[in-house]
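Relying on the hints, combine the two individually framed chains into one complex.
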Amino acid sequence: MTADIGVADLRYRTRGLGTLLEIVVAAPSVLLDAVRILEEEVARIDAAASRFRADSEISRLHRFAGRHVVVSDTLFSALDAALTMAEATDGAVDPTVGEAMCRLGYDRDFSLVAPGVSGELPAPAPVPGWRRVVLDRSRSSVLVPPGVALDLGATAKAWTADRVAARVAATLGVGVLVALGGDVAIGGDAPEAGFAVGVTDRCTDDRSAETVALRTGGLATSGTVVRRWHLGDSEVHHIVDPTTGLPAVTPWRVVSVAAASCLGANAAATAAMVMGRSGWDWLQSRGLPARLVDTAGRVWRTPGWPGVTPDRLAG
Amino acid sequence: MAPDAKRAHAISLRAAGRRRDASWNRIRRVTRAAVVAGVAGVAAVGMYVSKAFPGHQAHPASATSGVPALQPGTSGTPTTVPTPTGAPAIAPPTTVPVQTSRPPAVSSGVS
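The listed protein sequences derive, respectively, from chains G and C.
Numbering-wise, the numbering used here puts 221 at position 221 of the first sequence, and it's gapless, one number per residue.
Numbering-wise, the numbering used here puts 417 at position 102 of the second sequence, and it's gapless, one number per residue.
One or more of the hints may lead you astray.
[To be verified] Residues on chain G that point at chain C, a partial pick, calculated with CB under 10 Å:
id	residue
1	Gly181
2	Gly194
3	Gly198
4	Val199
5	Gly218
6	Val225
7	Arg286
8	Gly304
Honestly, the hints are just simulated from the structure, not real lab data.
Every residue gets a Cβ at the ideal spot worked out from N, C-alpha and C, and that includes glycine.
One chain only, chain C, in its complex shape (with noise of 0.2 Å):
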């Protein structure tokens, strides 16, 4: 072969290789791209099964009856305290004790 074949038959060479090697490039991107997306989704849709049907993990029995009570993880608005609703949880009476000579209804006094 001559000279000038050569070369050109290498540059020819180098030139798939380089296309080669893009190729796989390109492939192994979209694949991982394309797994990244995969789990992202599984991991959504059990995140939204988690929350939207809490009730197929092992759960205890209602304290109120037979039936099964909910577990609501973390899809709940648990609370520690109720929301306070503008009034003190402990105000002063509307109207004062009066003193009063009656006889007592009742009695207040430790039981």
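So that you can see chain G by itself, here it is in the shape it has in the complex (with noise of 0.2 Å):
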């Protein structure tokens, strides 16, 4: 990892799992000390469920398919978490589209998927689904079926924000902003007005569409801007539909979701890219505070987000 710190805004920004990491505390002192955490629990994470390292735990995990294999609690947990968000999104949101992803050629660090691989759409296929994945709690084990491959890309940076979150708030007492790729998650006691978040369609843009105070819980972005990639001819990107198991076809560009937890916050967010025109009634059933921007740049908030909503959903 590189740094760049500035202690002066009470501030630390760095680069990890792909993306931006970044932490911000309200008190100067214990910067460094958030810092290590941050980076202790990013490198846990990072060896624990990363598809792309071979000697990851879940790559072993996937090289002992159909046996029951007990496996740390940093993988454990965030296995538990994926599963909760797959039941929590009816399904939209799904550990196990690690074999979809690769058949639409990330099977490799996204840098070098970027330029484009050689192939074909494949044939629609739904994926195994999150149901076959057996946890044991009694023993800390895991068993995939053969043939499953989990891919916990959509929770596994938010579930991390949340941990690092509250471990600062824990251990040293103070209110913390954490943003892992972007998605945001509070601990502890929040200044009065709250952290000041930027809502954008990447999290590395400078300039916010426009900016929340947050005083509690978290908010993630999910979207189809970043992540593109050509396979053959075919134009795709990262967020796969569970019953197709190819890209989401959503009339959603971005989708922003204020949670009480990241981890909330993201899955919700990504479950309506996934359910496209349905996500916009599925958030408001849920009373998630979102904003939504659809493929012609119209902005969409449910009630909860500050703004102005639309009355309905237009055709």
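Right, here's the structure in full:
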């Protein structure tokens, strides 16, 4: 990791997990301790859940498909979170999309995929389904059936952001904001006015479309504006619809959601992308503040999100 | 031999035959019960051992270390989903976001 420490603004920014990692604390004296926790947790989840590392736990889990394998607390908890989100989103965010991702060419670090890969769009086929993954709590073991490949890309960063925020707040006793690739988690006692978070298409954008203040929970954004590549002649993206195993066909460009946790916010945002038009109703039925931008650039806000909301979703 | 003596002898032979047949039947019942009980006992002990000591089977190495992993078989309590604990898995925040004109500390966007 390379680091750019800005103690004056109590913010630390670095890179890891193939994206931008940031942490902001409400007390300058604990910044370096908070950074240490961030780096520990990021290294831990990378070693546990990276499907691009041959030495990661999840890669070894795939090699022992069909058998119960005892895993670390980190991987077990991350898988537990992924399955919880799969259930909560009615299967729209499914961790068994790994094989579908590989068929689309996303089988290595994205920097190697971005220039494009050869091949052609595969025929639609549903992914194996999250219910086939078996967790045994009594032994912290996991069984992945043969032919099933896991991809925790939709939940692992957000889960880690929550974990870092909780650990910093608990051990250092300060309010903290953690942003891993744009997945934002708040821990501890935030400043009275909250942490100001820009809402953008890309987490690296300097200018935000709007800025909101958050005091609790998490905020996450999913979308198809990045991690796009060419598979032969077809342009594809990284949000896979579990019912087809293909990139989701969606009217949304980006979806941002605020929730009680960053994990929940990210899963809800991705689920809305996958659900397409019905994602709008799904978010509202759960009372989640959300901001959706459609492919025409129009902005839609559910109740609870600051701003003006159009009356209905146009045809 | 007198007719009465012959009849008595025949009756005696039949009675002895009946006693012999009854003895064989008892032996067969007892043997059958013993075999059934033995097989059931061996099966019960086998099931107990397989549950109590699952590690004797071939098993993959632990994903976390070189220590062999357990093979829970059917003795564990596997679950495909976490047990719900009351609150919904995806809940709204306890404080809603509000608009602000302050410069953002970080951005939430796609990565």
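Right, here's what the structure says about each hint:
{"no.": "1", "hint": "Gly181", "result": "3 Å, holds"}
{"no.": "2", "hint": "Gly194", "result": "7 Å, holds"}
{"no.": "3", "hint": "Gly198", "result": "3 Å, holds"}
{"no.": "4", "hint": "Val199", "result": "6 Å, holds"}
{"no.": "5", "hint": "Gly218", "result": "8 Å, holds"}
{"no.": "6", "hint": "Val225", "result": "6 Å, holds"}
{"no.": "7", "hint": "Arg286", "result": "6 Å, holds"}
{"no.": "8", "hint": "Gly304", "result": "5 Å, holds"}
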